[in-house]
Structure formats: C-alpha cells, structure tokens
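If you want the building blocks of each chain, they are given just below.
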Amino acid sequence: GAGVSQSPSNKVTEKGKDVELRCDPISGHTALYWYRQSLGQGLEFLIYFQGNSAPDKSGLPSDRFSAERTGGSVSTLTIQRTQQEDSAVYLCVQETNYGYTFGSGTRLTVV
Amino acid sequence: AQSVTQPDIHITVSEGASLELRCNYSYGATPYLFWYVQSPGQGLQLLLKYFSGDTLVQGIKGFEAEFKRSQSSFNLRKPSVHWSDAAEYFCAVGRGSQGNLIFGKGTKLSVKP
Numbered sequence: 006g007a008g009v010s011q012s013p014s015n016k017v018t019e020k021g022k023d024v025e026l027r028c029d030p031i032s033g034h035t036a037l038y039w040y041r042q043s044l045g046q047g048l049e050f051l052i053y054f055q056g057n058s059a060p061d062k063s064g065l066p067s068d069r070f071s072a073e074r075t076g077g078s079v080s081t082l083t084i085q086r087t088q089q090e091d092s093a094v095y096l097c098v099q100e101t102n103y104g105y106t107f108g109s110g111t112r113l114t115v116v
Numbered sequence: 022a023q024s025v026t027q028p029d030i031h032i033t034v035s036e037g038a039s040l041e042l043r044c045n046y047s048y049g050a051t052p053y054l055f056w057y058v059q060s061p062g063q064g065l066q067l068l069l070k071y072f073s074g075d076t077l078v079q080g081i082k083g084f085e086a087e088f089k090r091s092q093s094s095f096n097l098r099k100p101s102v103h104w105s106d107a108a109e110y111f112c113a114v115g116r117g118s119q120g121n122l123i124f125g126k127g128t129k130l131s132v133k134p
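Protein chains in written order, with this note's numbering: chain A, 6 to 116; chain B, 22 to 134.
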C-alpha cells in the first residue's frame with residue numbers, strides 16, 4: 006500500500022487482558038518505530054527496528070510490553086496484563102527516503 | 022543526551038498576526054529536523070523537514086522554519102495566522118537509521134478572532 010496501516014484503529018479492553026496491535030508498513034523500507042501518545046502528552050518512543058539488527062527496546066515502559074517484526078515487514082506490539090495507564094494512541098512510524106511516515110494509530114482504551 | 026525542547030506549552034495569537042514557535046535541540050551530530058502538526062482528534066501531519074542545504078525551509082500551509090546551528094534551534098514561523106492553524110505543533114529531531122526520532126512535548130496554538 007501507499008502508507009503505513011495500523012489495526013485495529015480502536016481497541017477497548019478490560020484491565021488485565023492482553024492486546025496485540027498490528028502495523029503493516031510500506032514495503033522496501035527497513036526502519037520502523039513504535040511510539041505512543043497519551044492524552045495531552047507528547048510522543049513517547051517505545052521501540053525501533055532496523056533491518057536484521059537487534060531492536061532498540063530502550064523505550065518500552067515495562068516488561069509487559071513486547072514487539073516483533075516478522076520478515077522485516079509486519080510488526081506487532083503486544084501488551085500483556087493491560088493497565089489503565091496503558092491507554093493511549095499507539096503509532097507505528099516508518100522511515101522512508103523522504104523522512105518519516107506515520108500510521109493513523111491504534112487508540113487503546115483500558116477499562 | 023539527545024533531547025528536544027519546545028519551551029512554550031501554549032501560545033495564543035490573533036488571527037492575521039505573525040507566529041513563531043520555538044524549538045531547541047540537543048544532538049550529537051547535525052540531525053534531521055521536522056515540524057509536525059496535529060489537529061484535535063487527528064493524526065500527525067508533516068509540515069516541513071530539514072535534511073541539509075538551505076537552512077530556511079518552506080513547508081505546507083505557508084509555514085517556514087529556519088535551522089540555526091549556532092543556536093541549536095529550528096523555529097517555526099508563519100507571517101499571518103489563520104483560525105484553521107489552531108492545533109498542536111511538534112518539533113522532532115532524528116538521524117535516520119542512526120537513531121530514533123525524538124519529539125518535543127508540543128506547543129498548543131490557539132487563534133483568537
């Protein structure tokens with residue numbers, strides 16, 4: 006596709022449940038990031054994938070968060086045992102020759 | 022440490038007035054620089070970017086920004102603000118594959134009639 010696709014666009018989950026967020030990037034570009042934006046806050050870096058290198062996980066807020074990127078394309082962000090403070094918009098960002106392309110985000114609400 | 026500072030959390034300007042949003046950064050090398058705008062309930066939209074070359078960059082919607090290496094700044098300007106410019110503006114710095122994209126905390130712009 007022409008852009009970065011994220012699914013679902015909205016997710017409401019109960020506290021304690023696991024969720025999986027998906028990012029379908031633009032083919033042919035290897036660098037991919039996950040960020041989250043909490044209400045009224047800026048963008049918080051979570052994780053960075055670059056080709057076959059080990060991902061930079063330095064932004065993951067706790068061990069409940071994990072992410073993988075299969076075959077250098079699709080990426081999934083998994084949050085285990087969700088907490089209310091996990092409620093945010095989760096953004097997938099891909100680096101291209103022209104800069105950075107943002108997905109439309111997944112709005113996660115933990116109730 | 023790499024960082025981006027947007028000193029103004031909230032700015033209010035009158036419609037038709039000029040605008041300058043400040044952005045200062047700390048980075049080990051000359052970074053790539055970006056300004057994004059986010060309207061309420063919307064995603065991030067790229068306004069402009071600086072990679073190299075001319076330090077005055079023109080963007081969409083009449084915005085421009087100037088990279089000043091000596092001041093580690095990349096301030097966003099617009100000569101005449103429109104009511105539709107009311108939004109939150111984020112400055113970001115990165116270095117492509119050599120590091121992640123770091124965002125400032127944003128400046129919320131309100132426009133009064």
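Do not take every clue at face value.
[Unchecked claim] DSSO-like mimics (lysine-lysine), calculated; alpha carbons at most 27 Å apart, straight line:
#: 1; chain 1: B; residue 1: LYS82; chain 2: B; residue 2: LYS70
#: 2; chain 1: A; residue 1: LYS16; chain 2: A; residue 2: LYS62
#: 3; chain 1: B; residue 1: LYS133; chain 2: A; residue 2: LYS62
#: 4; chain 1: B; residue 1: LYS133; chain 2: B; residue 2: LYS82
#: 5; chain 1: B; residue 1: LYS70; chain 2: B; residue 2: LYS129
#: 6; chain 1: B; residue 1: LYS126; chain 2: A; residue 2: LYS16
[As the list claims (entries may be wrong)] A partial selection of chain A residues facing chain B, derived with a Cβ cut-off under 7 Å:
#: 7; residue: GLY47
#: 8; residue: LEU48
#: 9; residue: TYR53
#: 10; residue: PRO66
#: 11; residue: PHE70
#: 12; residue: TYR105
#: 13; residue: PHE107
#: 14; residue: SER109
No lab work stands behind these hints: they were computed from the structure.
Cβ atoms here follow ideal geometry from the backbone N, Cα and C, with glycine treated the same way.
Each hint tested on the structure:
1. B:LYS82 / B:LYS70: Judged against 27 Å, a Cα distance of about 14 Å means the pair holds.
2. A:LYS16 / A:LYS62: Satisfied, since the Cα-Cα distance of roughly 23 Å is no more than 27 Å.
3. B:LYS133 / A:LYS62: 42 Å, violated
4. B:LYS133 / B:LYS82: The given pair, whose Cα atoms are some 18 Å apart, holds under the 27 Å limit.
5. B:LYS70 / B:LYS129: Given pair LYS70 of chain B, LYS129 of chain B holds - Cα atoms ~20 Å apart, limit 27 Å.
6. B:LYS126 / A:LYS16: The hint holds at about 25 Å.
7. GLY47: 4 Å, holds
8. LEU48: 4 Å, holds
9. TYR53: With a closest approach of 5 Å, the TYR53 of chain A hint holds.
10. PRO66: 15 Å, violated
11. PHE70: Cβ of PHE70 of chain A sits 16 Å from chain B, so the hint is violated.
12. TYR105: 6 Å, holds
13. PHE107: 5 Å, holds
14. SER109: 5 Å, holds
Of the numbered hints stated above, those contradicted by the structure are hints 3, 10, 11, listed in ascending order.
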